[in-house]
Amino acid sequence: QKEVEQDPGPLSVPEGAIVSLNCTYSNSAFQYFMWYRQYSRKGPELLMYTYSSGNKEDGRFTAQVDKSSKYISLFIRDSQPSDSATYLCASDTGRRALTFGSGTRLQVQP
Amino acid sequence: EPEVTQTPSHQVTQMGQEVILRCVPISNHLYFYWYRQILGQKVEFLVSFYNNEISEKSEIFDDQFSVERPDGSNFTLKIRSTKLEDSAMYFCASTLAGGVNEQFFGPGTRLTVL
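Residue numbers (my numbering), protein chains in the order written: chain D, 5 to 114; chain E, 87 to 200.
Simulated from the structure, these hints should not be mistaken for lab results.
Every value quoted in this text rests on a predicted model; they were computed, and no experiment measured them.
Hints should not be assumed to be uniformly reliable.
[Said to hold, decoys possible] These stretches of chain E come out as covered by chain D in the derived footprint (C-beta under 8 angstroms, 3 or more residues):
# : segment
1 : 109-121
2 : 129-135
3 : 156-166
4 : 186-200
Glycine residues also receive a C-beta, built at the ideal position from the N, C-alpha and C atoms.
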């Protein structure tokens, strides 16, 4: 059973669109939730970090965690071509061993 | 802005050879990690390190792997006898101590085993 599942995409949207990226997870012990952005053959770049349930906003990015449904979301407002990348969700129980999803490839068309 | 650095960016080695991948974590961070990503696959946790000892390791991190913090700045991953299936991107990450769990990743070392 995959612990963190993510639609691989690709997801193609026009510039300026609102993007919704989602993950589901199966491990009830996950407490920490992160979103990373990864460009081709580069290291993951931390975008958002959330502890437990709730929303967190940072500029054009909003992260949501719903622990009751085991659902993690990242919303990108006013998407830009520079947002084109693979987005990885990751979760952790507190053991400091991140479990990653497979990543969703996003393409923002100018 | 402080960042995690890794060297080399690309390492090519023959099967059975030993390799050492090097990382310089962010200077005030106290937790260090290694992850790997086989081409086209998920990023996978290998090991975490705190206070000069391993705190967690995955099933992947078997006896052919070891980690060390040889001085105050470097953190290394050694693979004793490389196999073809060790070919992957290896990422180092680091975190502040305490309850914070934000892990900041380096750019990675691409290991190619021939």
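Structure-based check of each hint:
Counting residues of the segment 109-121 of chain E whose CB falls under 8 angstroms from any CB of chain D gives 3; the rule of at least 3 is met. Given as covered by chain D, the segment 129-135 of chain E passes the check, having 4 residues with a CB less than 8 angstroms from a CB of that chain where 3 are the minimum. For the segment 156-166 of chain E, the stated coverage by chain D is violated: 0 residues have a C-beta nearer than 8 angstroms to a C-beta of that chain, whereas at least 3 were required. Counting residues of the segment 186-200 of chain E whose CB falls under 8 angstroms from any CB of chain D gives 9; the rule of at least 3 is met.
Violation of the numbered hints given earlier is confined to hint 3; every other hint is satisfied by the structure.
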